[in-house]
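Undergrad: Fit chain B to the known structure of chain A by using the hints.
The chain contents come next:
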Amino acid sequence: MQVKKAVITAAAKAQRALPMQTLVDEHGTERSVLSLIVQEAVRAGIEDICVVVYPGDADPYSKLVQDSGARVRFIEQHEPRGYGHAVWCAREFTGGDAFLHLVGDHIYVGENGRSSARALVDTAEAEACAVSAVQVTRENLLPYFGAVGGQQIAGHPGLYRVETVIEKPTPTEAEQELVVPGLRSGYYLCFHGMHVLTPAVMDLLGTRDSRNVTLSSALAELAQREQYLALVQSGRRFDAGVKYGLFYAQLALALCGADRERVLAQLLEVVAAGSAQG
Amino acid sequence: MSELWSIIVSADPAVRNQSLDAFCRSATAGSLLDECAALEEHYRASTNLYDRVRALFFLYAIHRFHLAAKAGVAHRALIPFAGYENLLKRRYQEAIGIFLAAQSEAGPSEAISSALAAAYRGLAFQTLAGQVRRSVRSVRGNQWMFRMGHAADYPLRIRPELTAKRSGDGGFPILHEATPVRMDLTHSGWSDIFFLGMDYPQGARVLNISIDLAVRGSHTGQPKPPVEAYFRVIDRPVLRMVSVDLESSVEIGDDPGILFDFGRDYLGLLKAAVIASGLIPAGLEGSGQSLTAVLEQFTGKPGHGIEIVSRVNDIPKGSRLAVSTNLLACLIAVCMRASRQTRSLSGGLEENERRLVAARAILGEWLGGSGGGWQDSGGVWPGIKLIEGVEAAPGDPEYGISRGRLLPRHRILSRSEVTEQTRGELQDSLVLVHGGMAQDVGPILEMVTEKYLLRSEAEWTGRQEACRILDEIVSLLEAGDVASIGKATERNFEGPIQTIIPWASNLYTETLIRRVRDEFGPAFHGFWMLGGMSGGGMGFIFSPERKAEAQHRLQEIMSDTKRRLEGGVPFAMEPVVYDFAINERGTLASIADNMPQPYYHLMLPALLRKESASLSGSERSDLVHFSTLGRDGGGLQGLMDRLLPRNDAAPGRGDSLPELLQRFGFDPQMHERIQSDLRAGRIGLAQNRLPVSVRVEDAGEIAESQRLPEHLRQLGADALAEGAVAAVSLAGGAGSRWTKGAGVVKALNPFCRLAGKHRSFIEVHLAKSRRTGSLAGNAISHVLTTSYMTHAPIERRLRDVDNYGYSGPLYLSPGRTVGLRMIPMTRDLRFAWEELPQQLLDAQAQKVRDSSRAALIQWARQMGEGSNYTDNLPLQCLHPVGHWYEIPNLFRNGVLERLIAERPRLRYLMVHNVDTLGADLDPAILGYHIEQRAAMTVEVITRKIDDRGGGLARVDGHLRLIEGMALSREEKEFELSYYNSNTFWIDIDALLSVFGLNRSHLGDEEAVSAAVRRIAARMPAYITLKDVKKRWGKGQEDVYPVAQFEKLWVDMTALPELDTRYLAVPRMRGQQLKEPAQLDGWLRDGSAAYVENLCEF
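Protein chains in written order, with the working numbering: chain A, 1 to 278; chain B, 10001 to 11097.
Please note that the accuracy of each hint is not assured.
[As the list claims (entries may be wrong)] Quick list of the computed label-pair ranges, beta carbon to beta carbon:
id, chain 1, residue 1, chain 2, residue 2, range
1, B, G10424, A, Y187, 51 to 57 Å
2, A, I153, B, G10400, 26 to 32 Å
3, A, K243, B, S10612, 48 to 54 Å
4, A, M20, B, E10350, 42 to 48 Å
5, A, N112, B, K10301, 40 to 46 Å
6, B, A10843, A, G206, 54 to 60 Å
7, B, G10348, A, S62, 48 to 54 Å
8, B, Q10839, A, A154, 53 to 59 Å
[Claimed, not checked] Below, in silico cross-link-like pairs of lysine to aspartate or glutamate (EDC-like), each with a Cα-Cα straight-line distance of 20 Å or less:
id, chain 1, residue 1, chain 2, residue 2
9, A, K168, B, E10296
10, A, K168, B, E10161
11, A, K243, B, E10296
12, B, K10165, B, D10235
13, A, K13, A, E76
[To be verified] Far from chain A, some chain B residues (derived; all Cβ distances over 10 Å):
id, residue
14, R10340
15, L10413
16, P10598
17, P10837
18, R10903
19, R11031
No wet-lab data here; the hints were simulated from the structure.
Ideal placement from N, C-alpha and C gives every residue a C-beta, glycine not left out.
Just chain B, with the same shape it has in the complex:
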């Protein structure tokens, strides 16, 4: 029997919990491949879900982290495009079959292993998601919703109390539900992830507290339940949904399709709640049934419908308090009460009802394409509770499938276990904040799942430690020792949490902790991470007598730290401090007199425009109510603000769009030409491509850096010693994939802890130059190219940190050109979304994406295709025009001239992307470049599945780099075995001569500009779509696709007069970090250590 399979299926925990890494370290390539073949066979034959999933993760990890490093495994190979296509369509089994066939034909290789790793990982998560979906649907009490497909079959009836009109105004009663949110004292290493709880119920343990909140210093006053829902009958045959805080409403009449269309508006959460509560059962989707008929059955009143209103009281997104899950639960609870699915209409819920609400919240999250943990709806329960996984027993739908049940058990800690005094002291000690960051926790949850299933040693030990800390915190709560709780939560954060997921921490959080500790000393007991990661909602525990002061100071410390870091760290909002109170009631319902005041501000303007004769009874009643409220509570001002336009223009600070355009070198003539070409269809995504007739072939064998003769190293070292080389880091780009269009500077992002501290990309590059300079005995000149959006933040940060201590010559090379973004053409959106191969998502998430894309196409049409994009912060409307310009900018802005003046022997530049962290001034490669006497040497790496965007090719026989957008067909890229690392060694004089210049021209601005324009005109302009974020409300973000153009340096290799060589370099040197999701693999596969070795911090 396969050794790994016996680990997976062992009944003995000591064997089952063995780590894969330990096994792989000593294995040969041959034995690993034999194990892979055995695992492949077993996982296909096994019926046990968790055994299969663990086998898939083993296969993924072997291919991703272990096999490529073993002797006898090639680097270069072609990845079959057919397999890649299946990967995108989530047809993983077929993809695996194709990749395995390629492996057995050509032998094992890094390239095929990368493809297999992606497929096994995808299949593992798909299998797990499928199981959660089945479990959620099979929870008793949820199943019927999926069977109901006809209005005549509709089985729910409204509670009669809600259909009896009120005596005073003739309106229908309003049912109000208010729900606290939850904060978790500890989640034992994200143990509330469904997969984890279902496989390892003993380790799935969370301690969470229901709380009420108020933003400190806001008008909302005392803490109250942060989420609320309202339900009432209305005298229109529609389902009306209103989100007061998102200022959005929708009325659905006949067509239930709108209800099941989650991405169409901001009301996805309300829709998911209406469906998950059974009010409009999931089975009705696509049934063609009229919603009006269902509403009539439900209310028993023809011509009547219902209205559901949600409200979040000033709590911003990313609070890590599970606001959205608890709002979902609150909405589900109010709908269940109204439809007689709970025993009582008002008051609290019974335990079995709370469990059902929690199960349905999970269902709602699945419907809405989002996902939380099982602890998230903890606000439905009162007070402090221990939530624990439960082993599946006979009779459970999970029995025989997974070790644990989907739903955990909630044990509310009584007053005898945690005294009133301790609860009070906890409230008096904890300062709860929102740090202002609102990142996506999704990737972290995937990493946790993966590491759990692999049982990597350190992480597994960390998980056990996290469980011990939970027990410790429970004992401390019972003992009433709040100060020690602070120490334990901080130990949890510093220890197990970061051992399992280093990315849960960041420079911002660590700076806050350090500053608070420096200032408060022993009165600061500890830090407390809330939810999935730090940076958003967080807790700091102080001695009670210092709490008020700490609240005040934390606000200042957070705002100040944010100001210092925001150039490189994406903040969604200004940090806030909360006031909070433990909620001892859980979710609670009552009959309310009115809707909340902002509801009237939102809905009344439309009513006021109606003829009074056409107002219905409910509408009249609303008007009466509001006029009473308005007179008594001053609500009229809010309504006036909505009805009448306001002048929001801020006094001019020189930051308006026209001012920015002028300041950053916007060329209106070029813009108009590109705009008219775009509108006329002369340029666009489809037009980026070379004609099909152009022959594109693989480059074949090229020189490899690891096989260079030894004398070249000395040649390069001599050049370094005499100051003949400078490093140029391209830091003008927005890094939109890194920050998802947040508009911060990627180069400044403190992305990873290296040598004990969080370091930014720029700091790493300077550390490499420092080390090279030390070895060469001559400091390296280092240039950072910047653009309109990166220059000021980089300059400021370098000043703040004293150039990260870099003592060599350091220059900023500011950009000289800027573009204005445009509303995309719908033809380009369709091309990108419908014709280019797309990664399909999980069925429910894909539905959400499809509908939001349809909405975006509509948006582009309404805004005017090809027109200027101006509906955002001015800086977000500009775009850098591609890194082609960043090198000629050195000629134009005088930086090259100054470099030469300081180092007259300067002859070479090494230009690299800011995210190519492994690129350094390697003497051997430099020696190769010198010996070849080439104008330019390009570093390439062998392609892995994630390396997308062109590569090295023979184009009609000429060896050159080709950009992915220019390839005539997608699959062409898969015929190219080398990928461009975008690191270029340039001979300055040879390059100048291609521009028709020499060193003496560098001071002649006119001659240089003319030369640059001349070559620029020979470079293709690519139209690209970029995501840009628009922020609004309280930490809400919308992402819009915008069109922009760019010129790329790779196209220089097409110029016959530029003599170019190509050199294959190791992956760790040439790979780029494009997305934060790559970081974990980068750390685990040794890349981070490789980079660390190149640095001298």
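Pulled out of the complex, with its shape left as it was, chain A reads as follows:
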């Protein structure tokens, strides 16, 4: 299995300005959020990218991803039928191929400069199946993410065979359905906003007929149909769409990049000044 295509969803009406926000990356270069995400895909060896957007956003967004190193196209989601539906809008683009999927409001900061998407794609190609990136997450954050339950694959630390997927579970459900051997109690495997999906996922999404199609429900079914794995990512993801999300993402980028000392010094100065006033 080869993964050369990527689908990025950025069609949320309430977050239309988000992909255009500018951050400074690890190398000190100013980039838009969308370009950072596209860059992550390119580092994973992706050659064709499809961005699903709100009607009318293709033009402004296309300017953000010129010279990205991959072929980028835009598809509009005409009905606001949820996240799963947005992915499904790219079905013609993906055709019969496996594809990398990233969400348009997450920024990934890899550990020691390693790309999270690269590791995911490598695993998917090696195992020839769908793989979701997951992060070990404390239970208080369960209301924000989809989560998976499953068994670790012997000899592959950090790789799990997914048995259950629940979108935003309560801790009660999580404790009953999603406990994963080897994790500390109260911690679960939650989605990282990054997946390699097989064509079967598009088929499953196509069968959903509701106003709010979730990707998690399709993935839950996928787990019953074919091998579906989860790979724990050590890199960090930042949801740029929440309060202070962009700020935290910027901070993380700056602190693992070339300007680390400069930013740290400035931060300390701010903290010291705040303390003196307090």
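TA: Just chain B, lined up with the frame of chain A:
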């Protein structure tokens, strides 16, 4: 290897289920002690919980029931106080160490064995409770609640449907949950107790039915789910909890401490539900977090909170239908639905959701310090179901710890198994009632656990039989034979249930069954005990065509039987008959338009007092709703009743408090003196004590009744034959420990079945006198002393039962003095609760007790410390003034004069407590008293750990009885090896002379009264705290501590002019029955048989 340990750990059920009693019967003291040492070693080393617990129960039973009876075991020994203190603090292991050291130093003794038995039993139950706590917390789905300690970590979110305002009135939607209660066709010998289900899952089987109810003849109409809960968002940042039926509400804002304080108000059950549902997780307790912040996270709306309302539809307490557990489950279910922890907001629940609700109900009961069985939340499931224990398998948290899982499996019986017709016939045949009694089932559940672990032969056979009856009932249900079901449930009650626990039955129940059978003959198919014991909720199965008539007659029969027995049997309420229907839906939720009407009656008065401008949107919406409801449904009257005072005074029947005080000889001057002394701190609990400088020492060796020379027996027998002796039973006391302050007459309580019938204390005493009279050839004169509260019921009962057939002279000696109870001083409450050694409870129960005690101290302060206690039924405000007065009363009320007139040779009285059942007119002891020429001979017994309240001592060198309250320090009591049995042999003339009287004065009321007053003034008045029950609502009871004073006969022994002797008598003769919880041990250790042998019924 120890023989007993090999029984415990054997994998072979035939060996494992051997009884301890069988082993102990043939063992010597030496071999029992060797076994004890081996068990001690093994239980400490074992990691298996159930092996340890069974070993502890074996150790308890050996010390409690077997060792003391073996040759070579002494009776008298001192129990180390340090061990007792550890016992109170629930530090059982340390207590055991201290007691064992004392045993190896002084040799085995009855006294030390009693202490060891108490410690082993305590440790066994503590270990079991610890395991249940761990299991409940480790149920998957519950664990996270104990980890969450910060508002920012709060993981639940409200279901969005509940935050969308309604279009009409702008209020938030109301989620309504209605849950049936459960009745159990059989519980296979209380097999739903957690410990039992977890150790013996194959035998843990219950058949229970979910039902809707209505009290017959009430305004509620058709049967409906008896418990309901309501949930909604409100526009105030608080957690508001309202109990409509208990008429209580609370709003909790910032301080979550109030939520975790269960004893503070009547809302403990709602609080437990909110916590156990995870809505406010248990981990938040003590975290210092603001509840407002959690509510904001939950609702997603700043400034908003939630309201939870509970309602029980007219079902009184003690119904044996698990009303409170099902209400807890109902509240948990509504909270879980609202917080997205169930799949659907409305409708029924899925099986895994019902199981989680049941697990959380268990958690809630543990949090609230109460405890039910695992079948109790059966109302959550629909219809008829078989609930069975499940063996623990790999992956279960219990695996490797216990044989069974904490939670059972519920199998709902389908329509093909139990047909529609059978269900209908069951409904048409069963008359369901509440008999009016509401006793605590807790002690029974402990007895069941104990007997199960000991595998006592009869009980173990009974348990197997109970399991067979369950199978039989299931087959009968499948065959549709309802009449035979009635026979089977009655056989279950008569057989296994009473074999395991005789106390599950009582005279009231048996009278009802007999009367119903007499009246209905073959149309009455059988009796059906519900829940833990009979007397409250019960079932009677009839031929369907007689059901309506049976319902009508049962109401009359119950009311009439209650009237006859209520003098001696504690009833909480008037009996009722229910209408019921099988509920085939289980717990069910829907969106409701309104809160229930009584909610508005409770909550609106406060709203109406507010300025209309300051009303919030929700409050306005409530007003609008109520005004619509009120106009349409006549609810305005209820509101008016609440807003405006009503004149509840009943027309005078001579029973008002002032009238009673006057009638019963209240002395206002003495009362005022005591009241002012109490308020000034001159008297009180601390002042009861003798100064520390007084030297109190053990009495040393004294004469023993079992070693008296033979000629004394003849001397006594001659005196009996010539009519020189009368028996006096002191029956003026309230027996508040026996009935927990219920205000019934202990002396009339049919406490135990002896010689085939339930007998009251008085009947037993008269039976002993009858036998003595027969042997002596001369009937014994018997006097029962009475007081204001016991006289009329005793007189009435004796008339009803023709003096229990007693043909000898029988007198009632009415009391002449009464006291008025007082609100206690907070200093005395603190002294009793904080300075005196206290039995600590299990951590959660202790929390509940601490908070209710804080509330009671507040109550005393608000009511006015030391003021008259008048806020109860008038009779409950009075108190008897101690048994000192009961003997001089014989002089004053003419009874002694009449006794002497009838028996001129009368010289001696044997005076004893009504609960000293083994005391009889023993000729040898009488002979000793005569030969000693003493004015008084006192019977004492060697002390065991439970014998509290003073004893025989040398006080500054003078041998006398000393009351426990008078001892300067608690530990002093443990230095006294003899305990007062309160049986006194009195030489009438010698006693009269101490009073400065002789026989000729007895008709001179003035001289007698003056003499009594003179001696009374020399007797100390002890201030005591007593629990008094206040009943309200539907079988609800509150218990308040009140202050009263008493003078005690034991202090007569301090008078130097009263020549007193002391005689040690066997325990079975001298022991007293103070609490119903003692009964089972009393029956098992041979005491009951001993008493039976003294009687001629």
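Undergrad: If a hint holds in the structure, say so; if it doesn't, say that too.
TA: Against the structure, the hints:
no. : hint                            : result
1   : G10424(B) - Y187(A): 51 to 57 Å : holds (53 Å)
2   : I153(A) - G10400(B): 26 to 32 Å : holds (27 Å)
3   : K243(A) - S10612(B): 48 to 54 Å : violated (38 Å)
4   : M20(A) - E10350(B): 42 to 48 Å  : holds (46 Å)
5   : N112(A) - K10301(B): 40 to 46 Å : holds (43 Å)
6   : A10843(B) - G206(A): 54 to 60 Å : holds (57 Å)
7   : G10348(B) - S62(A): 48 to 54 Å  : holds (53 Å)
8   : Q10839(B) - A154(A): 53 to 59 Å : holds (55 Å)
9   : K168(A) - E10296(B)             : holds (19 Å)
10  : K168(A) - E10161(B)             : holds (17 Å)
11  : K243(A) - E10296(B)             : holds (17 Å)
12  : K10165(B) - D10235(B)           : holds (11 Å)
13  : K13(A) - E76(A)                 : holds (12 Å)
14  : R10340                          : violated (6 Å)
15  : L10413                          : holds (27 Å)
16  : P10598                          : holds (32 Å)
17  : P10837                          : holds (40 Å)
18  : R10903                          : holds (78 Å)
19  : R11031                          : holds (40 Å)
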